[in-house]
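J.: For the protein sequence lines, the chains are A and B, in the order given. The first sequence: position 126 = 126 (this note's numbering), numbered continuously. Convert by adding 1000 to the 1-based position in the second sequence; the result is the number in this note's numbering.
Simulated from the structure, these hints should not be mistaken for lab results. Computed from a predicted structure; not experimentally measured. Warning: the hint list may mix true and false statements.
Each computed DMTMM-like pair below joins lysine to aspartate or glutamate, with the alpha-carbon atoms no more than 25 Å apart [what the hints assert, rightly or not]:
#	chain 1	residue 1	chain 2	residue 2
1	B	Lys1138	A	Glu56
2	A	Lys132	B	Asp1558
3	B	Lys1549	A	Glu56
4	A	Lys132	B	Asp1475
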Amino acid sequence: MVTSIVIVGVGGQGVMTLARWLGRAAVAAGYDVKIAEVHGLSQRGGSVEVHVRIGERVYAPVVSEGDADYVVAMEAIEALRAFRYLKEEALFVVNKRIIQVPGKYVDPEQVYRALAVHKGLRLVPAFELALKIGDPIYENSVLLGYVAKLLRLDGFVDWLDEKNLRAFEEGRRLASAL
Amino acid sequence: MKHLLLGNEAIAYGALSAGVAVAAGYPGTPSSEIIETLLEFKDRKVYWASNEKTAVELAYGAALAGARALAAMKHVGLNVAADPFHSAAYTGVVGGLLIVTADDPHMWSSQNEQDTRWYGLQSYIPVLEPSEPQEAFKMAKDGLALSESLEHPVLLRSTTRVSHVRAPVVVEPPAPPKFGKFSRDVERYVLVPQNARRRRADVLRKWELLKDFSARFMSVEGEGDVTVVASGVGYLYAVEALERLGVKARIVKIGMSVPLSKKVVDVVTDEVVVVEEGDPVVETQLRVMGIKTKGKIDGFFPQSGELSLRAVVEGLSKALGLGVKLADPAKPTLQPPPRPPYLCPGCPHMGTFYALKLAGAGQKVVWSGDIGCYTLGINTGQQDLATHMGSSIGLGMGIALSDREKLVVATIGDSTFYHAALPQLIDLKTKKIPLVLVVMDNEYTAMTGGQPSPSRAVPAERLMEAIGIKHYVIDPVDVKRSVEVAKRAIAEAKSGEPVALISRRPCVLEALRAARRSGFKPPKYYVVSDRCRSCGICYNLLKCYAITKLPDGKAWIDPSLCNGCSMCAQVCPYDAIKPAEPDKVSKWLELWSQA
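Can you make the complete structure from the sequences, with help from the hints?
T.: The following block contains the structure:
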């Protein structure tokens, strides 16, 4: 059994870091892992997509459309773009946050409504929590905590610093409340 | 102990465990992490070279002198290095020479989709093709040893899904670097025609040997009525796709895809399905051997872009007549607007393009672009062509000569300038071709992650002085002066002489990293809503992606994206953009200029 996770966001948000952290925990738990980094043009502000596959033995490095067990979006417009990866029964974890595309303003409520078409949608206030902790950069730790709880992965506490750990715990707490 | 390594890191560790002593490369996605990893090892000679040709030459020379050496680049880089690459096959080597290329199918960050395995066939250099990081480690290690034992260069061909995949890898510790001594052998190393002809015969003899040798990198797995031949990451997709389809098959895994082992004919049935990433290189060789194939040539698998599990499941299903059709993926009810890449907020190139746009307004300009972050000048309409490294000035000269009505403004980043524009600079001067050359010097190879560029050691103005090209230096964050100087440069070029504009300010991301380390936070800018008259100069002309156009046309700056460059405040005609912490402004600009 292989679990396929697609993580998306906007360049600069820490999408890659989130994927790497998940992979590290999976290896510590004894699994095989493949993390495929889809950089795009390697610049900030573009769509970023990383695929993580975890299992006893993982072959293909990239998740196919309609094949993801989890889609984790650090930004809601990018969540729409990742819609195509969702399996029908997939969990769709979306940071409640919009980073506008320059010159193409989209109404956030419209985005959230469109995402809710998928019944496994979980809107997570990761950005809001990160701001409370002191910096938007902690939003990926909130999401990490959330996803780690869903995947029943453990063992992050050793290497997360104090603030990231706080964000991580907030995420875990939110996921436990499901 | 298993480490979660990127394929590129695994390649570096493989080479280290083989005692690599000399390595050089030019950064390029998806290959850059190979040299970056090797640079950590101070007992080796590891360099970022000015371009791929000098990188290969450095490694080739070292291998001629008996060292174990590596050169790394992306696929298109091998075109730049193609000259020494082909000669290396003729002289052979004494130590080991491993040339690593990372191909980029689907062109995630490249100008073309090129399968470097053809270069193996063309140059008579064998090609190893790993499927995942663990294998990349092993093939880098074995490749160097193989090269030394055969006295012949070896090409290691990776693709994005090997180079940029992170997976658990068991690594062996680095072996001490193996340097060497050069022994004179004129008949072998001086490729005058008479010598080269003899060497050609040797190369062909060696190639026949390699066709036997290639079998060592071939393995057969599983049982079944169907035979699938797979190489590289294609192997991984094939295994998983067969599992999904519930098909029992024999899989012939090809590790050395060029030259293909003669022994393939011993293991294949009358027809095989071929799964490979890139062009039908394995498939073509199979057909030459008289084997019937179903692969890319007849369209069972897509000829462009990357393989995917989906494409391989569907291709196998078609090839095996299974009639499996996968369901269409879900579509959202709201189509997200595309998010094309933009220059980073505060990118100095943003200021340079803005100044050039204003200076060139009302004139017929051909924007001759190049390969790098600044290719994103396409967003402001300031990129009419960009085809390869050095194309800005190279093609720009040709355009200037044939279209006398338009003025060519050639924009090129510093790393690309040193990589591919110096001979053109000499042509520019000696042919007296009037164009404006803009060297966008951010002092880093920024697009690939901030590798050092030669611009500090060899400032562009020194080259201009030496060659005798009129030039100006500007700071793009000083918008007003930049516009004035750009206007002057354009006027002078129009009067018939080449003029260079060197626009210098370090990459803002590098400056931010340095600032973060020292605990300094750059000031953020905000829009005073009452003063904003929705003119759109900031978001339409500057195209900073931290600036959003609100539904009423007013501007809004996302504080989480603003990097405090001040350019929007300078271009706003209504004084509606202000720094939140005015006392920090000059300190930040100063710190930044020193990054």
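J.: For every hint, state whether the structure bears it out.
T.: Hint by hint, here is what the structure shows:
Annotation: proposed proximity of B/Lys1138 to A/Glu56 holds, straight-line Cα distance about 22 Å (limit 25 Å). Restraint check: the Cα-Cα separation between A/Lys132 and B/Asp1558 comes to about 17 Å, which is no more than 25 Å; the hinted pair holds. With a CA separation close to 48 Å, the supplied pair B/Lys1549 and A/Glu56 exceeds the 25 Å bound. Of the supplied pair hints, the one linking A/Lys132 and B/Asp1475 is violated, its CA atoms being roughly 38 Å apart against a limit of 25 Å.
Hint check: violations occur at hints 3, 4; the rest are consistent with the structure.
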